[in-house]
Every structure is written in C-alpha cells, then in structure tokens.
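Student: Sequence:
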Amino acid sequence: MKTGQPSRTAYQAARYRAAHQLLERGSIFPDPIAVPLLGESEETLLADEARRGMRLFIAARHRFAEDHLAAAVRRGVTRVVVLGAGLDTFAYRNPYPEIEVIEIDHPETQAWKRSRLEAAGVTIPANMRYVGIDFERESLGDAGLGESGLGESGLGESGLAGFFLWMGVVPYLTPEAFAQSLDAIAATPGNEVVFDYAQSPERMPAERRAWLEARAARVAKIGEPWLTFFEPEEIAAELHGRGFGEIEDLGPSGLAARFFGRPDVPAETPGGHVLHARKL
Numbered sequence: 134m135k136t137g138q139p140s141r142t143a144y145q146a147a148r149y150r151a152a153h154q155l156l157e158r159g160s161i162f163p164d165p166i167a168v169p170l171l172g173e174s175e176e177t178l179l180a181d182e183a184r185r186g187m188r189l190f191i192a193a194r195h196r197f198a199e200d201h202l203a204a205a206v207r208r209g210v211t212r213v214v215v216l217g218a219g220l221d222t223f224a225y226r227n228p229y230p231e232i233e234v235i236e237i238d239h240p241e242t243q244a245w246k247r248s249r250l251e252a253a254g255v256t257i258p259a260n261m262r263y264v265g266i267d268f269e270r271e272s273l274g275d276a277g278l279g280e281s282g283l284g285e286s287g288l289g290e291s292g293l294a295g296f297f298l299w300m301g302v303v304p305y306l307t308p309e310a311f312a313q314s315l316d317a318i319a320a321t322p323g324n325e326v327v328f329d330y331a332q333s334p335e336r337m338p339a340e341r342r343a344w345l346e347a348r349a350a351r352v353a354k355i356g357e358p359w360l361t362f363f364e365p366e367e368i369a370a371e372l373h374g375r376g377f378g379e380i381e382d383l384g385p386s387g388l389a390a391r392f393f394g395r396p397d398v399p400a401e402t403p404g405g406h407v408l409h410a411r412k413l
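What the sequence shown shows, in this note's numbering, is residues 134 to 413, in sequence order.
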C-alpha cells in the first residue's frame, strides 16, 4: 500500500463482499454490514456483476473461515485475531458474546476503517480492540504474539490459544514476512489459522493466466504487488514443519463442490486456495 493511504486491495475485497449481498443475496456468505460500511450506492455495486468469479471466491473464503471459526468456538476458543483486517466485519456482527476480537492491520488502514464505521453508524463493540502493525516492517512477535502466546502489548492473557483469520493478505507478503507471521501463530499450541493463498499464474490456462497477469500489474501499480505464491504441497510442508495438523486445503475443485454444488470441477484445477490448520 502507498504511504498515507488505506489499502486499495482491502477496499476492493470489501466491494466484492458487498456486491455479493446484492447480486446473490448473500447466499454463500451473509453480511448485513458489508453494504453500509462500504458507503457506495447499490447501483454502483450491481455494476460488478461481470466479476462473478472473484466475487464468489471471496464469499466462499469467508464462509469457509467462519465455518471453521464456529467449530473452534465449540471447542472452547475465546479469542479471534483478524490479521490484515481491512474492512472485515466479523467483530461488528460477532454472534459469540464470550469471544474477544483483536484486529491487526496497518494503522492508516485502521484509521480509514474507523471513519467508515462511524459514517455507517456501526458501534465498535466493547469486546474488540485494534493493534496497528506494518507487516513488512514489524512481525506479530512485536505485537506480543510470540512464545508467550497472546500476551504482551495489551493482546490479552498469555498462553491462551486463539483463532487467526488471515484473509486476502498472504499473496501480498514477502516470503520472509509470511514465515515470520506463521512462526508467531505457531508459537502457541492450539492456535488455529485460516488463510488464502494463490498458485502461480504460470500454472493457469492461457486465458486465465493473461487475466491474472493483467490484474497483478494493476495491483502492483497501486503499490500492492503479489509477492508470494505456493503450491499445495509447499504450503503443507511449511505448516507441518511448524507443528500444524488437521489441515484442510480447498482449491477451486473443493470450493466448487462444497459451496456451489459443482462436483464436476477437476481436482487438479489450479487457482486460489483457502486453508485451515491447527497447531498441535
């Protein structure tokens, strides 16, 4: 992101979530705050109909994440950490009164978000807090998320496992920044994480590859380039090497079957993935 400006890609992701509420009536991922928080007219959002594939992927990744979060709450997790929160709305429609929510993001994006919340008339809940971090210059360890768990810097009691929502962030991190963040999450047994990642455009069919390369050029131009890609076996090795187990990784085939009633998508189809893992 550019200095002095909020994340443009976070804004675009929020537009897709809001458009899903109008175009598909939130059928995959209902979010009553998405449209008012964005502050755009419904007419403008309805114009996004042509970008259906990306819109539905973003809806599915949030549904996947919050389905796993619901299961974690049933297991007794009482803290959610939203990494690179952008305009994520979980904290403001949180159905679990016993859950504390911590949003971690760049301070400039957080300031922008709080202004949008105020404009939309959304109250900041008492059971959530903000922590500002620039992920390329600071690590989660700097926020008290190291070996002591969710401890220092006002992040809560140490040693308690938490659930980390990490949506729409990993492709924009350097490999080093990704590894540092994953190390901090892995420091506490029982921590769970959901994140999305992308396979390289080089894996895609020619038409899809051309579209992705054009999109990559656009986000690079606004100062938020794609920096990190993974193959499923690579990310599995990264997680297993840090002691994560219970890994569920859904790519295009798995997402299509689970959320869209499409069992016909070949298992080897490359694309965006959403993954959940739990530290043993």
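There could be a bad hint or two in this list.
Stated by the list, open to error - Derived CB-CB ranges, DEER-like:
1) Phe393 <-> Ala347: 37 to 43 angstroms
2) Arg141 <-> Ala400: 21 to 27 angstroms
3) Gly376 <-> Gly209: 35 to 41 angstroms
Claimed, not checked - Derived lysine to aspartate or glutamate pairs resembling DMTMM-like cross-links, with alpha carbons at most 20 angstroms apart:
4) Lys412 <-> Asp316
5) Lys412 <-> Glu371
6) Lys412 <-> Glu357
7) Lys412 <-> Asp267
8) Lys412 <-> Asp200
9) Lys354 <-> Glu379
10) Lys354 <-> Asp316
11) Lys412 <-> Glu367
12) Lys412 <-> Asp382
Calculated from the structure, these hints are not laboratory results. Positions of the beta carbon are idealized from the N, C-alpha and C atoms, including for glycine.
Student: Take the hints in turn and mark each one as holding or not.
Tutor: Comparing the hints with the structure gives:
Distance hint check for Phe393 and Ala347: the Cβ-Cβ separation is about 25 angstroms, which falls outside the suggested range of 37 to 43 angstroms. Here the CB-CB span from Arg141 to Ala400 is close to 34 angstroms, at odds with the stated 21 to 27 angstroms. The hinted window of 35 to 41 angstroms between Gly376 and Gly209 is violated, with their beta carbons roughly 20 angstroms apart. For the hint pairing Lys412 with Asp316, the CA-to-CA distance comes to about 11 angstroms; that is within 20 angstroms, so the pair holds.
Proximity of Lys412 to Glu371 is assessed by CA-CA distance (about 12 angstroms); at most 20 angstroms being required, the pair is judged to hold. Restraint check for Lys412 and Glu357: not satisfied, since their Cα atoms lie roughly 30 angstroms apart, outside the 20 angstroms limit. With a CA separation close to 25 angstroms, the supplied pair Lys412 and Asp267 exceeds the 20 angstroms bound. Proposed proximity of Lys412 and Asp200 is supported: the alpha carbons are some 18 angstroms apart, at most 20 angstroms.
With a CA separation close to 38 angstroms, the supplied pair Lys354 and Glu379 exceeds the 20 angstroms bound. At most 20 angstroms may separate the alpha-carbon atoms for a hinted pair to count; Lys354 and Asp316 exceed this at roughly 30 angstroms. Restraint check for Lys412 and Glu367: the C-alpha separation of about 17 angstroms stays at or below 20 angstroms, so the hint holds. Our distance criterion of 20 angstroms between C-alpha atoms is met by Lys412 and Asp382, whose separation comes to about 15 angstroms.
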